[in-house]
Amino acid sequence: MNRMISRLSEQQNLWPWLLLLPLSAYLLVFFAVPLADVVQMSVTEPTLGLQNYEKVLTGSLYRKVFLNTFMTAGIVTLCCLFVGYPLAYLMAHTSRRNAMLILLLITMSFWTSFLVRTYAWMVLLGNNGPVIWLIQAMGFEEKPHLLFTRFSSTLAMVHILAPYMIMNIYSVMQKIDKSLILSAESMGARGASLFRHIYLPLTAPGIANGSVLVFVICLGFYVTPVLLGSPREQMAAGLIGHQIEEFLAFGLGSAMAIVLLGVTLVILGIYHRRFGLDKLWG
Amino acid sequence: MSSYLSLKGINKSYGDFVALDDVNLEIKKGEFVTFLGPSGSGKTTTLMIIAGFEKATRGEVEIEGLSLAGLDPQDRNIGIVFQNYALFPHKSAVENVYFPLQMRKVKRKEGMRRAEEMLELVGLKGFSHRHPKELSGGQQQRVALARALVFGPDLLLLDEPLGALDKNLREQMQIEIKRIQKKLGVTTIFVTHDQTEAMSMSDRIVIFSQGSIQQADAPLEIYHRPKTQFVADFIGESNLLAGKVVDAASGILSSPVLGDCTYSGDHQPAVENGQDVTIVLRPENLTISRDPIEGRMNGRMKIETIVNYGDNALVIGLSGGVPIRVRVLGADVVILSEGDECCFSWDEDAIFLVAE
Amino acid sequence: MNTLMRVIAYAVIIFIAAPLVIVVPMSLSTASSLQFPPPGYWLGYYASYFSDPGWLRPTWNSIVIASATTVLTMILVVPAAFALVRHKFWGKGVANLMLMMPMAVPHIVMAVGYYSVFGQMRLVHTHLGVILAHTCLSVPITFLVLSANLKGFDRTLERAARSLGASPLQTFGHVTLPILRPGLLISALFAFIQSFDETVVAIFISGRDAETLPRKMFDSIRQEADPVIAVISSLLFLIVAIALIAPHVVSALRGRFTTKGQEKALIAQ
Ligand SMILES: Nc1ncnc2c1ncn2[C@@H]1O[C@H](COP(=O)(O)OP(=O)(O)O)[C@@H](O)[C@H]1O
Ligand SMILES: [Mg+2]
Chain A
5 MNRMISRLSE QQNLWPWLLL LPLSAYLLVF FAVPLADVVQ MSVTEPTLGL
55 QNYEKVLTGS LYRKVFLNTF MTAGIVTLCC LFVGYPLAYL MAHTSRRNAM
105 LILLLITMSF WTSFLVRTYA WMVLLGNNGP VIWLIQAMGF EEKPHLLFTR
155 FSSTLAMVHI LAPYMIMNIY SVMQKIDKSL ILSAESMGAR GASLFRHIYL
205 PLTAPGIANG SVLVFVICLG FYVTPVLLGS PREQMAAGLI GHQIEEFLAF
255 GLGSAMAIVL LGVTLVILGI YHRRFGLDKL WG
Chain B
5 MSSYLSLKGI NKSYGDFVAL DDVNLEIKKG EFVTFLGPSG SGKTTTLMII
55 AGFEKATRGE VEIEGLSLAG LDPQDRNIGI VFQNYALFPH KSAVENVYFP
105 LQMRKVKRKE GMRRAEEMLE LVGLKGFSHR HPKELSGGQQ QRVALARALV
155 FGPDLLLLDE PLGALDKNLR EQMQIEIKRI QKKLGVTTIF VTHDQTEAMS
205 MSDRIVIFSQ GSIQQADAPL EIYHRPKTQF VADFIGESNL LAGKVVDAAS
255 GILSSPVLGD CTYSGDHQPA VENGQDVTIV LRPENLTISR DPIEGRMNGR
305 MKIETIVNYG DNALVIGLSG GVPIRVRVLG ADVVILSEGD ECCFSWDEDA
355 IFLVAE
Chain C
171 MNTLMRVIAY AVIIFIAAPL VIVVPMSLST ASSLQFPPPG YWLGYYASYF
221 SDPGWLRPTW NSIVIASATT VLTMILVVPA AFALVRHKFW GKGVANLMLM
271 MPMAVPHIVM AVGYYSVFGQ MRLVHTHLGV ILAHTCLSVP ITFLVLSANL
321 KGFDRTLERA ARSLGASPLQ TFGHVTLPIL RPGLLISALF AFIQSFDETV
371 VAIFISGRDA ETLPRKMFDS IRQEADPVIA VISSLLFLIV AIALIAPHVV
421 SALRGRFTTK GQEKALIAQ
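Protein chains in written order, with the numbering used here: chain A, 5 to 286; chain B, 5 to 360; chain C, 171 to 439.
If we strip away everything but chain A, and leave its shape as in the complex, we get (with noise of 0.2 Å):
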């Protein structure tokens, strides 16, 4: 038996493979099956030709929905971004207890499970939630509407997402040589000018990875859209997910799903080229 191992440790080409075969085979059948039958799908449902694609691409409804993701996702990126680089930066500069106690924070909010968050927002923001009773205790008579529409799943979004950017910034700002924002005081930048020449460029790398991050996980969400969101104004995987519920349209689903996932891996594809995916997940 060791024998046999260390034998097959010196062919050093096979154990690799050998090791590698089990993960292989599973994800040929279990990952590249599915994804290879939503292709199929979309060219074959329910006749062969690309009449699905079509009309993905240019009936109205689904123009709309796409630009609506699009600009959802964009959105979102923005804000998480005004959201998070503040916040990496207080604590890039606030005392090592009050950083721990801040990724405390953010820790806690990653972990805990979107359903849960999302809820919240639904109870913060709710008719006779806290947000419309802060509003009436300041003395506004009008009691807004905020749930189901594009605020409410955005703002939710923007706070189940941010963890991704402020983590990404956040690690970027750690390792900023504090000598080098010295050097450059020394030299004469100030305030503004040191920020925009000195700590955005050496911050960017971190926004391009919180945003990518960002960016490709909001095109593809679901629940919280789909549960906070205006109805008439869905994202593209909530109607994926009504195409094959509701309509049983699955070379239309299909078809949609095949676009949402070019555009993500265009993306990520891109990001692979400059960065290497690898680094993106940290």
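Since the hints were made in silico from the structure, they are not lab data.
A portion of the hints provided could be inaccurate.
[Stated by the list, open to error] Simulated restraints, written as ranges between beta carbons of each label pair:
id, chain 1, residue 1, chain 2, residue 2, range
1, C, LEU355, B, GLN87, 25 to 33 Å
2, C, LEU355, B, ARG108, 30 to 38 Å
3, A, LEU206, C, LEU174, 17 to 25 Å
4, B, GLU138, C, ASP389, 29 to 37 Å
5, B, ASP26, A, VAL33, 52 to 60 Å
Keep in mind that this is a model prediction, so the values were computed, not measured.
Using N, Cα and C, we set each Cβ at its ideal position, and we do this for glycine too.
With chain A held as given, fit chains B and C with the ligands onto it using these hints.
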């Protein structure tokens, strides 16, 4: 005594890169041999081939005439101390030392007793239940040593074991290792790139350069009679000057810098008349004076730089465009200043020839 | 500039904390629908949760599915991680990329695929179907965590073991495995959580029989009827909170005890 460990014509290539080129070496039983050479010269590779972790492309490793070729590392009975100690972090000191006995099916009670004894020998009595991260660098070093010795290895290999320690601890550990090695009489190969360490500890030093052995001799032999230009340059400080043998029989050579001069014939390599040689002159064998000194051979130089070390100083001058380094006593240096013209002189037995 | 950043940062802290803070009080509210401030407090809905099979069954399903997913994922990923971290071979880069793909594909896309393929294989509405799908989705994160651990493993430790007389198998058992144990546990935890939290694929394929907790929660939130959702949310949040805070508390306490112990030792001397 006949040789115990033999390396016979070892070659090792990684693709096109030749890491070891025809390494031959005989080591006697109980001998303390040091591998000395710059980083990347093949010392570790040689150790790894002996230990069985790397396979030689060509050549044989033999212990008492028997080839190790068919033996896996675990069957070679060789103790190794790695540079980073490689202590098992999940085991306490005594469990680390017990491990090789455990692998040899020694009963736990008996094994732990022997492990404790060995820890005592390396001076770690009372530390046996600490885990590696609770020990200082020097203490970890001792545990690693105990672990490599407890099972009575035929051979002990130490790969730059003192590299990570500070200077005082290093010197202390040099003495310790030497003491323990003597006590146990284990045949030892010690790798270092520190020449004073090599000089002070070894029975024999093996100089590596670019994958081949330059010279394998006793420390003083290496220092005074370097066989190659590399060794002369690497060990101690040297002035290496080009020269040509004029008369080998009566010991006369000529050199552009030194002119014609005589050298003593003892222990010089075999040379022929007219042969190009490298002349080795150690800086401490040169003397500086205002005027030529009678009874010695003299050259002239202009002082360029004086580097002061307190009790001594290194004077670097130019003679015929070639730099000459002279070591002088601290007291003598006050009369010298940069830019001075002066004489440097040497005895005829200060000259060593390297014929390559 | 700095003060503005600071003000925004504090606001963001409130923004992040608010939904987490609200969850536990809501679960104690007597109101049967969302209402703030709560009209009163009680533990009645906790009692409902622990006695309602409609909630307990999905919870149990999720635990079973996540456990099985963890085991299967580890069986597949551990050898692969060893291969990819420790060996150089042709096609390694591609293999690495392939492993990460399930992370790059939106779950809704996979859900459509599983819905169709598992439907033909009679795997929808079964535990096995969900386990097989979840394993696939758990592979990338588990692999990432494990390979990071494996990369940090000092291989001279294995050489040391070999030189001390251990066979490759003994080396693995006595040295490699024990030292990697924390990394293995953490990567297994990631696999578990990935499965336990997975919602989209479960919505499409778990059906009534293999209904997972997230699926049940999704339906419940969608229907906005059952106040027990507040209970399960607060429980899930509390588990995370305790798991994250406990180590800090323990090390703080331990730190205090050791300093006390050291003080005593100093006094004794
Ligand atoms: N696995 C390897 N692949 C390619 N080259 C190697 C490998 N191991 C060692 N080398 C090369 O062999 C040479 C000798 O290395 P080594 O024996 O470690 O030197 P030393 O221990 O004297 O510093 C070095 O140039 C090193 O780069
Ligand atoms: Mg080395």
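Hints, one by one, checked against the model:
no.: 1; hint: C:LEU355 - B:GLN87: 25 to 33 Å; verdict: holds (30 Å)
no.: 2; hint: C:LEU355 - B:ARG108: 30 to 38 Å; verdict: holds (31 Å)
no.: 3; hint: A:LEU206 - C:LEU174: 17 to 25 Å; verdict: holds (20 Å)
no.: 4; hint: B:GLU138 - C:ASP389: 29 to 37 Å; verdict: violated (54 Å)
no.: 5; hint: B:ASP26 - A:VAL33: 52 to 60 Å; verdict: holds (54 Å)
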